[in-house]
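Please construct the entire structure, taking both the sequences and the accompanying hints into account.
First to last, the sequence lines map onto chains F and D.
Everything in the first sequence is counted per numbering that gives the first Met the number 0, starting at 0 for the first residue and increasing by one.
Everything in the second sequence is counted per numbering that gives the first Met the number 0, starting at 0 for the first residue and increasing by one.
These aren't lab readings, by the way, just hints derived from the structure by calculation.
Incorrect hints may have been included.
Unchecked claim - DEER-style ranges, computed between Cβ atoms:
1. F:Ala130 x D:Tyr30: 16 to 22 angstroms
2. F:Gly170 x D:Tyr4: 21 to 27 angstroms
3. D:Pro64 x F:Leu266: 31 to 37 angstroms
4. F:Gly126 x D:Ile39: 20 to 26 angstroms
Unchecked claim - Selected chain D positions facing chain F (Cβ under 7 angstroms, derived; list incomplete):
5. Ser17
6. Asn74
7. Tyr76
8. Gly79
9. Ser92
10. Ile99
11. Phe104
12. Met128
For glycine and all other residues, C-beta sits at the position ideal for the given N, C-alpha and C.
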Amino acid sequence: MKMIFWLCAAIMIIVITFMGAYIVFGGLPFFGHTNIIDFLLGKKWNPTGEKFGIFPMLITSIYGTIGATIIGVIVGISTAIVLVEILPSKVTKVFSAAIDLLAGIPSVIYGFWGLTVIVPIIDKLWGGKGAGSSLLAAIFILSIMILPTIIRMTEVSLRAVPNEYKEGALGLGASKFQYIFKVQLGAAKSGIMAGIVLGIGRALGETMAVILVSGNAAIIPKSLVDPVRTLTANIAIEMGYASGVHQQALFATGMVLFILIMLINFLLTQFIRSAERRSGNASKI
Amino acid sequence: MQVKYKDKITFTVLICISLITIGMLLWILGYIFLKGFGNIDLVKLVPPIIATLYMVVIGLGIAAPIGIGAAIYLNEYAKGGRFVRGIRFATESLAAVPSILFGLFGMMFFLTSLKLGFSILSGALTISMMVLPTLVKTTEEALKTVPVSYREGSLALGASKFATISRVVLPNALPGILTGVVLGTGRIVGETAAIYLTAGTMYRLPASPLESGRTLSVHLYLLAKEGISFEEAYGTALILLLVILILNLFTYFIGSKLNKSRVK
Chain F
0 MKMIFWLCAA IMIIVITFMG AYIVFGGLPF FGHTNIIDFL LGKKWNPTGE
50 KFGIFPMLIT SIYGTIGATI IGVIVGISTA IVLVEILPSK VTKVFSAAID
100 LLAGIPSVIY GFWGLTVIVP IIDKLWGGKG AGSSLLAAIF ILSIMILPTI
150 IRMTEVSLRA VPNEYKEGAL GLGASKFQYI FKVQLGAAKS GIMAGIVLGI
200 GRALGETMAV ILVSGNAAII PKSLVDPVRT LTANIAIEMG YASGVHQQAL
250 FATGMVLFIL IMLINFLLTQ FIRSAERRSG NASKI
Chain D
0 MQVKYKDKIT FTVLICISLI TIGMLLWILG YIFLKGFGNI DLVKLVPPII
50 ATLYMVVIGL GIAAPIGIGA AIYLNEYAKG GRFVRGIRFA TESLAAVPSI
100 LFGLFGMMFF LTSLKLGFSI LSGALTISMM VLPTLVKTTE EALKTVPVSY
150 REGSLALGAS KFATISRVVL PNALPGILTG VVLGTGRIVG ETAAIYLTAG
200 TMYRLPASPL ESGRTLSVHL YLLAKEGISF EEAYGTALIL LLVILILNLF
250 TYFIGSKLNK SRVK
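So this is what it looks like as structure tokens:
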């Protein structure tokens with residue numbers, strides 16, 4: 000029986016290796032057509048003219064992720080502090096349920112809501128070439144979508160800070176908020192960072208919601224209200240009808256995305272490891 | 000005095016920001032409920048609902064045994080070392096890979112290499128890989144909550160290791176495992192990108208899993224993207240949201256049962 004369970008566990012490794020290999024080998028032949036520098040830094044994406052430069056999409060993905068992360072971190076960490084330190088435990092339960100629900104809402108519903116609510120609002124306020132479908136709309140939607148991830152991870156690591164820290168700080172005459180900002184957040188740092196990195200991964204990988212609100216023009220955005228296209232959207236929109244070199248170019252796009260995500264995941268494991276080491280030390284005290 | 004004043008400002012700012020989180024949720028829920036309420040046309044939604052059911056049953060049918068088996072290996076048999084670290088890294092990586100890349104892989108592997116074509120089966124195979132990490136993690140957590148003394152007792156009575164796992168450990172971990180399965184169901188119901196690329200978009204009653212079919216999420220995506228009918232889209236969104244709400248309530252129900260049995 001042990002062998003069967005062992006096999007189940009081994010499937011995890013097989014799946015990820017197989018998938019990585021398939022995407023990399025699907026994308027590599029493309030570099031016989033366009034070299035990697037032209038691919039990454041080329042500013043024109045025109046499949047019919049066989050021009051494959053993903054720079055506009057790459058920069059959009061980076062802008063979108065950074066924007067969403069900044070908003071998500073500010074709102075997320077504040078919400079987590081309120082949950083852990085301020086609200087009475089009965090209210091916290093309801094609040095927690097709300098956050099679970101926020102995490103469970105399918106991305107296509109976020110996208111649909113963004114398309115029918117947020118995009119018209121942006122159009123009315125600032126206009127823009129995409130009539131509201133814009134980088135700003137994408138950032139807005141993404142920041143809501145990564146909130147539950149950041150809140151949960153921050154909440155868990157704030158709760159993991161040993162009570163002695165609080166007693167010590169308050170005993171020395173610190174106010175509640177001096178304790179939260181100068182002691183508790185510092186002690187929970189690695190866990191919070193892990194949450195942020197997880198959020199970054201989610202924002203970078205989100206596809207359908209972004210397609211619905213961003214306008215999907217493969218241009219470098221000059222302002223927040225320009226229509227844009229992310230790396231993920233590029234694959235999802237064109238994969239259906241692509242063939243030949245075009246399909247290979249999309250696989251190469253997937254490869255870039257895969258490598259970015261793996262780098263982020265590597266960072267994440269480092270943060271989690273250091274968080275575990277910290278909590279290990281704390282329990283020894 | 001000054002610290003107190005500062006604390007009051009911080010307090011107010013924090014509360015206001017956290018209200019944004021709740022406000023957004025209420026805004027989304029309220030909007031979909033209000034707009035969707037009069038627009039539900041169940042007859043038109045039958046094909047997507049059937050396709051979604053197929054997807055959930057086949058996807059979990061593949062993923063649940065593998066995920067639970069892997070968790071049993073990690074928690075009951077493994078003694079650490081390089082292989083276990085490899086599995087953990089693989090699980091974390093699988094959880095981090097965006098769904099669009101699963102779709103890309105599924106399209107290349109199940110559609111092109113295995114020649115399954117756009118079909119519910121291709122979609123279910125692809126999505127089963129996506130829910131594996133959730134199942135492994137929740138099952139492992141559930142197995143960890145079963146006290147070691149249960150296992151020792153069973154082994155001391157002469158039961159074999161496998162009998163201990165199947166008769167003692169698994170029944171006690173069942174509520175936790177069920178939570179994982181429900182979470183997996185939610186993930187499958189809500190997934191769009193991976194299914195869109197592998198199961199296709201055929202709008203008709205799927206006769207068998209070998210045919211293409213569109214799930215509720217894909218249906219909503221297409222309605223919204225192509226602007227065919229926003230009325231139908233609102234109705235579909237509401238149904239989708241209700242399914243997610245019910246699944247969420249279900250996990251709470253299991254959770255509270257679990258807590259009660261622990262208090263005993």
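Honestly, which of those hints from before does the structure not fit? Per hint list: 4, 6 and 8 violated.
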